[in-house]
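**Q** Take a look at the letters that make up each chain.
2 protein chains.
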Amino acid sequence: MINRLMEKIQKTGAPIVVGLDPMLKFVPEQIQKKAFSEYGETLEGAAEAVWQYNKGIVDAIWDLVPAVKPQIAMYEQFGVPGVAVFKRTVDYCREKGLVVIGDVKRGDIGSTSEAYAVGHLGRVQVGERSYSGFGEDFATVNPYLGSDGIRPFLKVCQEEKKGIFVLVKTSNPSSGEFQDRLVDGKPLYEIVGEKVAAWGGECMGEQYSYVGAVVGATYPEQGKLLRKKMPRTLILVPGYGAQGGKGADLVHFFNEDGLGAIINSSRGIIAAYQQEQYAKYGAQNYADASRAAVLAMKEDIAKALAAR
Amino acid sequence: MINRLMEKIQKTGAPIVVGLDPMLKFVPEQIQKKAFSEYGETLEGAAEAVWQYNKGIVDAIWDLVPAVKPQIAMYEQFGVPGVAVFKRTVDYCREKGLVVIGDVKRGDIGSTSEAYAVGHLGRVQVGERSYSGFGEDFATVNPYLGSDGIRPFLKVCQEEKKGIFVLVKTSNPSSGEFQDRLVDGKPLYEIVGEKVAAWGGECMGEQYSYVGAVVGATYPEQGKLLRKKMPRTLILVPGYGAQGGKGADLVHFFNEDGLGAIINSSRGIIAAYQQEQYAKYGAQNYADASRAAVLAMKEDIAKALAAR
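Protein chains in written order, with my numbering: chain B, 35 to 342; chain C, 35 to 342.
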């Protein structure tokens with residue numbers, strides 16, 4: 035799957051992943067009204083609204099980008115009907131040929147991580163048959179529990195040719211509270227990054243490893259250092275746009291060959307019609323606004339890479 | 035909810051939480067057969083088997099213990115039908131008067147942690163109405179992203195009188211890989227523990243805080259130190275039984291008043307009938323074996339506390 039993702043990045047010329055992180059306040063009124071008229075103002079109604087909204091965006095952007103990243107928290111907030119729409123979104127995006135990164139940030143002790151790995155990336159045995167629970171292509175994973183929380187994911191990645199992105203340095207303001215603490219003179223994120231490179235060495239694709247890393251766009255200097263520490267690691271970079279990351283901050287996350295990073299934007303794309311710049315599209319044409327925002331982001335990144 | 039949990043611990047005399055972490059290999063054959071005959075060897079069939087198995091255990095132990103802790107990974111492995119049974123289990127346990135700790139180990143950047151907090155502990159707004167997505171009483175939370183990943187949980191805890199347990203020192207063998215690394219001469223888990231005590235100070239119940247900590251039974255020395263660092267923090271202690279923790283290891287996790295810790299056992303209780311000691315019950319009476327295992331665990335802890 036990492037090879038397929040790298041191919042798709044090169045083919046689209048867009049090292050971009052669209053974060054499908056729906057909040058009801060992003061969903062245009064006409065979609066909410068229709069869903070509520072059918073299902074009432076219920077969790078099922080909210081889930082239906084989210085699904086129709088997602089579908090509109092995916093239909094508008096699927097040919098431009100290699101991948102999408104649904105954030106499962108945004109679906110879990112609507113309980114079981116929300117989780118069902120997460121699954122439906124994963125399936126629909128895969129049908130459209132998109133690589134799906136489940137932003138689930140799971141991580142637990144060994145036997146429990148195994149259940150997460152099976153549920154999100156692998157197949158669970160039920161009697162004589164086996165089933166894919168959620169069936170993403172990649173999942174994000176939290177490293178706080180150490181190697182034996184990660185290994186079950188590596189095992190499933192090898193079996194299923196799937197991948198993970200391990201949290202190394204997150205994009206949020208207080209990420210430094212623990213991640214930047216110095217251990218033997220080195221910040222913790224660097225130690226985690228070294229581990230990611232080591233785990234990744236055990237699961238190599240053609241150029242890049244099945245084991246990627248998450249490093250926030252809001253920390254370009256740390257990105258520069260981690261890029262060197264993890265040369266064969268694809269870096270998933272959140273924090274572009276709404277969180278403050280800009281094209282020029284991103285160049286350090288890429289290798290010399292222009293590969294090695296994939297930049298996420300969520301509300302900057304999916305709620306583009308709510309921004310002044312794209313307001314002309316209106317709520318009716320929210321998906322066209324998203325398409326325009328992807329094209330602008332692609333140009334911003336290409337320019338920044340050309341200028342370095 | 036922390037006050038209710040503390041009351042229930044005192045009333046039952048059992049500082050015990052039963053981990054509802056079902057794996058199909060634990061589910062007695064007669065239950066699997068019945069579920070598969072109704073739903074086929076499908077995810078729905080597996081989920082039904084898990085539900086019937088859980089219900090049998092809960093019916094057998096609800097009067098003995100204050101709380102249960104379903105591990106959501108074990109449900110997510112069965113996809114959406116599995117997650118629906120997680121919710122059904124939460125609801126059923128709450129109806130039985132049990133405090134429900136959702137072992138979800140969520141944690142993300144601010145806005146996303148907010149969605150998790152709302153989905154698991156709070157209420158989500160849908161038009162004019164609001165709904166509880168999963169509705170646990172407590173949730174476990176991963177601290178790697180720092181304060182702004184935790185604060186949304188604190189907000190919901192204050193509004194809804196619910197609680198969280200933050201991972202401090204986990205029970206697994208490689209937990210030390212990052213958690214034990216020395217920062218200014220102090221292990222990282224101690225720094226996280228200090229933060230937990232500080233966050234907890236902002237959300238106090240009568241004796242204990244809404245903000246608890248997870249510290250593994252497999253690390254008694256660390257438990258002793260953390261008990262002192264976090265005097266008003268309820269410690270959720272996994273790793274008893276199957277993972278190797280014993281009654282004598284547990285005494286350090288309790289305060290002088292005999293309170294301050296709640297010990298989890300999962301497969302040691304829910305799959306007791308598969309152990310030699312309880313084999314006499316047989317698969318038919320698996321729930322009676324679970325009840326006997328709870329009583330034995332209660333005695334083991336009481337003895338250890340009396341002997342200190």
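No lab work stands behind these hints, which were simulated from the structure alone.
One or more of the hints may lead you astray.
A pair counts as met if it fits within one copy or between any two copies, since identical chains are not told apart.
Said to hold, decoys possible - Computed list of lysine-lysine pairs in DSBU-like fashion (alpha-carbon distance at most 30 Å, straight line):
no., residue 1, residue 2
1, K189, K59
2, K195, K59
3, K337, K195
4, K337, K68
5, K130, K263
6, K121, K67
7, K262, K314
8, K195, K45
9, K314, K337
10, K262, K68
11, K89, K121
12, K189, K337
13, K220, K263
**Q** How do K262 and K314 come out at 30 Å by Cα distance, when the copy is not named: within, between, both, or neither?
**A** Neither: 42 Å inside a chain and 60 Å across chains, both beyond 30 Å.
**Q** Cα distance capped at 30 Å. Does K314 pair with K337 within a copy, between copies, both, or neither?
**A** within (25 Å within a copy, 72 Å between copies)
**Q** Which holds for K121 with K67 at a C-alpha limit of 30 Å: within a copy, between copies, both or neither?
**A** Both ways: K121 and K67 sit 23 Å apart in one copy and 27 Å across, limit 30 Å.
**Q** With identical chains treated as interchangeable, where does the CA-CA distance between K195 and K45 reach 30 Å or less: within a copy, between copies, both, or neither?
**A** For K195 and K45, the Cα distance is within 30 Å only inside one copy (20 Å; across copies 52 Å).
**Q** Which holds for K337 with K68 at a C-alpha limit of 30 Å: within a copy, between copies, both or neither?
**A** neither (41 Å within a copy, 62 Å between copies)
**Q** Reference check for the pair K220 and K263, CA-CA at most 30 Å: within, between, both, or neither?
**A** Both ways: K220 and K263 sit 12 Å apart in one copy and 26 Å across, limit 30 Å.
**Q** Cα distance capped at 30 Å. Does K130 pair with K263 within a copy, between copies, both, or neither?
**A** neither (35 Å within a copy, 53 Å between copies)
**Q** Given identical chains, is K89 near K121, meaning Cα to Cα at most 30 Å, within a copy, between copies, both, or neither?
**A** both (13 Å within a copy, 27 Å between copies)
**Q** Taking 30 Å as the upper bound on the Cα-Cα distance, should K262 and K68 be classified as within, between, both, or neither?
**A** Answer is neither; intra-copy 50 Å and inter-copy 56 Å both fail.
**Q** From the Cα coordinates, with 30 Å as the cut-off, is the pair K189 and K59 best called within, between, both, or neither?
**A** between (39 Å within a copy, 20 Å between copies)
**Q** 30 Å Cα cut-off: does K195 pair with K59 within a copy, between copies, both or neither?
**A** Close across copies (26 Å), not inside one copy (37 Å); limit 30 Å.
**Q** What label fits K337 with K195 when the C-alpha limit is 30 Å: within, between, both, or neither?
**A** neither (33 Å within a copy, 50 Å between copies)
Consistency with the previously given hints fails for numbers 3, 4, 5, 7, 10, 12, ordered from lowest to highest.
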